[in-house]
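Protein sequences, first through last, are from chains A and B. No gaps in the numbering here: position 175 of the first sequence is 175 in our numbering, and each next residue is one more. No gaps in the numbering here: position 161 of the second sequence is 161 in our numbering, and each next residue is one more.
Certain hints may be false.
The calculated lysine to any residue pairs, modelled on SDA-like cross-linking and capped at a C-alpha distance of 20 Å, are [to be verified]:
(1) A:Lys109 x B:Val21
(2) B:Lys104 x A:Leu16
(3) B:Lys103 x A:Gln271
(4) B:Lys103 x A:Tyr273
(5) A:Lys109 x B:Lys104
(6) B:Lys104 x A:His108
(7) B:Lys16 x A:Arg13
(8) B:Lys16 x A:His108
(9) B:Lys16 x A:Leu16
(10) A:Lys109 x A:Arg13
(11) B:Lys16 x A:Tyr180
For the record, the hints were derived by calculation from the structure and aren't laboratory data.
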Amino acid sequence: MDHTSFLERWFRRVALSIIIVFFMFPIFWIVLMSFQTNETILRSPPSMSFTPTLDNYMAIIAGRLDSNVASMGIDFVNNLMNSIILSVCSVAVALVLGVPAAYAFARHKFRGSEDIAFTLLSFRFAPPLLVLLPLTLYFQEIGLADTYLGLVWVYQLICLPLILWIVRGYFEDISPDIEYAYRIAGHSWFSTFRKIALPLAGPGIAAAGLLAFIFAWNNFIFALVLASADKQPVTVGALAFVTASGIQYGQIAAAIVLSIAPTLALALWAQRYLVEGLSLGAVKG
Amino acid sequence: MTDTLTTRRRQLISPKVLPYVLSLPALLVCIGILIPFVTAIFYSLQRYRMSQPWNRGMNWGENYVKFLTDSDFWNTLKVSLVYAGSTVVLELLLGLAIALLLKKRSTVNNFVSIMLLLPLMTAPALAALMFKLMTNPNFGILSYFMQVIGFDDFRWGSSPGTALFTVILVDIWVYTPFMMILLLAGLRSLPTQPFEAAALDGVPQLEQFWRITLPMLMPYILTAALFRLLDSIQQFDIIYAMTQGGPGDTLMVFQVEAYLNFFQSTNVGRSAALLLILWAITYFLSNIFVKNWLRLRERAKGGA
Numbered sequence: 001m002d003h004t005s006f007l008e009r010w011f012r013r014v015a016l017s018i019i020i021v022f023f024m025f026p027i028f029w030i031v032l033m034s035f036q037t038n039e040t041i042l043r044s045p046p047s048m049s050f051t052p053t054l055d056n057y058m059a060i061i062a063g064r065l066d067s068n069v070a071s072m073g074i075d076f077v078n079n080l081m082n083s084i085i086l087s088v089c090s091v092a093v094a095l096v097l098g099v100p101a102a103y104a105f106a107r108h109k110f111r112g113s114e115d116i117a118f119t120l121l122s123f124r125f126a127p128p129l130l131v132l133l134p135l136t137l138y139f140q141e142i143g144l145a146d147t148y149l150g151l152v153w154v155y156q157l158i159c160l161p162l163i164l165w166i167v168r169g170y171f172e173d174i175s176p177d178i179e180y181a182y183r184i185a186g187h188s189w190f191s192t193f194r195k196i197a198l199p200l201a202g203p204g205i206a207a208a209g210l211l212a213f214i215f216a217w218n219n220f221i222f223a224l225v226l227a228s229a230d231k232q233p234v235t236v237g238a239l240a241f242v243t244a245s246g247i248q249y250g251q252i253a254a255a256i257v258l259s260i261a262p263t264l265a266l267a268l269w270a271q272r273y274l275v276e277g278l279s280l281g282a283v284k285g
Numbered sequence: 001m002t003d004t005l006t007t008r009r010r011q012l013i014s015p016k017v018l019p020y021v022l023s024l025p026a027l028l029v030c031i032g033i034l035i036p037f038v039t040a041i042f043y044s045l046q047r048y049r050m051s052q053p054w055n056r057g058m059n060w061g062e063n064y065v066k067f068l069t070d071s072d073f074w075n076t077l078k079v080s081l082v083y084a085g086s087t088v089v090l091e092l093l094l095g096l097a098i099a100l101l102l103k104k105r106s107t108v109n110n111f112v113s114i115m116l117l118l119p120l121m122t123a124p125a126l127a128a129l130m131f132k133l134m135t136n137p138n139f140g141i142l143s144y145f146m147q148v149i150g151f152d153d154f155r156w157g158s159s160p161g162t163a164l165f166t167v168i169l170v171d172i173w174v175y176t177p178f179m180m181i182l183l184l185a186g187l188r189s190l191p192t193q194p195f196e197a198a199a200l201d202g203v204p205q206l207e208q209f210w211r212i213t214l215p216m217l218m219p220y221i222l223t224a225a226l227f228r229l230l231d232s233i234q235q236f237d238i239i240y241a242m243t244q245g246g247p248g249d250t251l252m253v254f255q256v257e258a259y260l261n262f263f264q265s266t267n268v269g270r271s272a273a274l275l276l277i278l279w280a281i282t283y284f285l286s287n288i289f290v291k292n293w294l295r296l297r298e299r300a301k302g303g304a
């Protein structure tokens, strides 16, 4: 219906503008803050005119916070590295473990397959602390406390169910006939999986992998409980940074911008995959 | 038919066990998770404070029985339910409204829906920090706005009266786009015939919404709402990063209370019991969710 009234068009425009402002303003403002010195941040009333400075970012990258009172060392770059290591490794492990399992659940209705699939899914919904708190005590005993290995393992709680359920849906959408045809031509099960099923489910695997990466990056509670300062990702590191740096607001803002930039960039770059993964993963399965 | 093929190429793994072999690694990783779960049940039945190791012992259900007369527990339950209930309802209404606005595919609408992805991709803990900066009493832009419109003493997260509002605002900022994406996918997948028929019959827009859109969208709404409810009742990141459960006990939701019980008062028994009660709630909710979701998947498959 193209004969929408003048009033309706204006209502739509105003509503959309309010939505954009509400959802974009916090990001916009924090980015602005990250380019300001403390003096301009603390002006009242707040103003958008200032000479942008890269000092905050330089301080974080150099690892030194200088204030007029004292200077102290910080290691936020290390937090960034940890985030990258943890998210990349977790997604890689989850893909290696999850994609074959997803294929099994989609193709072979074996005994107990639905029960197992749901048990795995239920991990997604259980309170993480329920597992994490006893796990801290166990990890200390078996020496996994404060290791990347232990963290990557626990991160499977987020990544694995996600990959399993999204990828399974994509495998189910592929007609088994194509695979049968290829197998009848004399190819082994494994080459069928590799040459037919994997490429056809490619977009789904990419979507699931991206989402898993973002959720792993954004995770807070696992590392808060299990990691000490030198293994902490940005989410936990930023909180510690706020406490440690006190009133260095510009640097706090810069740290937040550096921490959210990777996931936001990914989101913009791969938005179509993400929307599909989010909506198919939850709605269509 | 496949017999000849399988005999020609000697297979290492017989087709019967293949699915088990494929899913076994994933299962093993997760079974490692089941052990701490059982341990948590065990802890919840113990008198166990890390500060008093000599006093440790089974007290069976005492931790749970104590909750009945424990006002802190009832406060936790109340705050968690209020938080989860209000975030889900508000996000649902907002998400539905936005989805309806963006229903038609156009450049502007696509742009808006891509922009809305950004809050959702921001780590909730970092989103809380962003709002903490914006609500800082000295320079926070939101505090300034509040002053401008006449609330001189609006102290956001640091006052018991407004702390809940503040964290709910952050939650809405982060998760409304999630609702929007699901509902938009739902809206766009609805068949067009009923709407065309209604338009031909001259049914007014509002009535179309109540009579056609809403009933047809209901499965999607239920799925999205249950999914968010499951997450929201366990919210930790936003609340912990914003106020650590404070001021006082205003924001002591389940997981924050359990975390502080474990690490600050080192009362492992009480912490585990709290988490198991939360687990029971989420287990109940997730069963409803899964049933609903399966029905929706069947319908989506059948309709496609």
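Each hint tested on the structure:
1. A:Lys109 x B:Val21: 14 Å, holds
2. B:Lys104 x A:Leu16: Since the Cα atoms of B:Lys104 and A:Leu16 sit roughly 13 Å apart, the hinted pair holds (cutoff 20 Å).
3. B:Lys103 x A:Gln271: Cα-Cα ~17 Å, so holds.
4. B:Lys103 x A:Tyr273: Holds, at about 19 Å.
5. A:Lys109 x B:Lys104: Distance of about 39 Å is beyond 20 Å: violated.
6. B:Lys104 x A:His108: Not satisfied, since the Cα-Cα distance of roughly 39 Å exceeds 20 Å.
7. B:Lys16 x A:Arg13: The given pair, whose Cα atoms are some 59 Å apart, is violated under the 20 Å limit.
8. B:Lys16 x A:His108: At roughly 9 Å apart (the allowed maximum being 20 Å), A:His108 and B:Lys16 satisfy the hint.
9. B:Lys16 x A:Leu16: 55 Å, violated
10. A:Lys109 x A:Arg13: Distance of about 50 Å is beyond 20 Å: violated.
11. B:Lys16 x A:Tyr180: 17 Å, holds
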